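Student: Take the sequences, apply the hints, and build the full model.
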Amino acid sequence: MTEKLKGTTTVGIVCKDGVVLAADRRASLGNMVLSENVTKVFWIDDHLALAGAGSVGDILSLVRLLRAEAKLYRAKVGKEMSVKALATLTSNVLHGSRFMPYFGWFLIAGHTGEPGLYSVDMAGGVTEDRFTAAGSGMEFAFSILEAEFKENMTLEEGVKLALRAIKAATRRDVFTGGGVTLVTVTDEGYKEWSEEEIKGLLE
345 MTEKLKGTTT
355 VGIVCKDGVV
365 LAADRRASLG
375 NMVLSENVTK
385 VFWIDDHLAL
395 AGAGSVGDIL
405 SLVRLLRAEA
415 KLYRAKVGKE
425 MSVKALATLT
435 SNVLHGSRFM
445 PYFGWFLIAG
455 HTGEPGLYSV
465 DMAGGVTEDR
475 FTAAGSGMEF
485 AFSILEAEFK
495 ENMTLEEGVK
505 LALRAIKAAT
515 RRDVFTGGGV
525 TLVTVTDEGY
535 KEWSEEEIKG
545 LLE
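Just so you know, we're using my numbering here: the sequence shown kicks off at 345 and counts up by one.
Label pairs and their computed distance ranges (CB to CB):
hint, residue 1, residue 2, range
1, GLU541, LEU404, 18 to 28 Å
2, HIS439, ARG411, 18 to 28 Å
3, VAL421, THR530, 20 to 30 Å
Read the hints as simulated data drawn from the structure, not as lab findings.
Computed from a predicted model, the values in this text were never measured in an experiment.
Here a beta-carbon is modelled for each residue, glycine too, at the ideal position from N, C-alpha and C.
Tutor: Listed below in structure tokens is the structure:
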């Protein structure tokens, strides 16, 4: 049953001092809500992260693979993989599995020298973005992102915009809900925000 859990909205935003990833926490099976506490944003390495929309089982399988590859890269090269390299690796994995695909749409984010954000579809197509969204509520999230995004936003501005985009999707998309996972990646590393920190921003 885990492989069939799906439905979500994920958002990514590039800011002048980092990258923001946000996602709701609902998982559904058909028209039934099965969980309101599913993690959809993941640590890959110290300055690298992934958000996934789609099949929970496939997303988790890809995350395990990418973490192992990132660790192997560190051992061989002696430094962390770049965000562009992680996006390329993800693309290669997905394209190589296109006839038995990972059912998901993935946002790759990181800060390895400078902030970067890529979206990768299930066939391995890669797009570099300044902001993006994926999942069942993406059109509602995009309505906010396209209206309010601006270049050189501060991290705090980006975080607030991401939360507004997820909130818009939650209101209109029945497959989006259950709270928010919020992650920022800066030159200081990966940070998952607590519920208290998120509430503080919304007040």
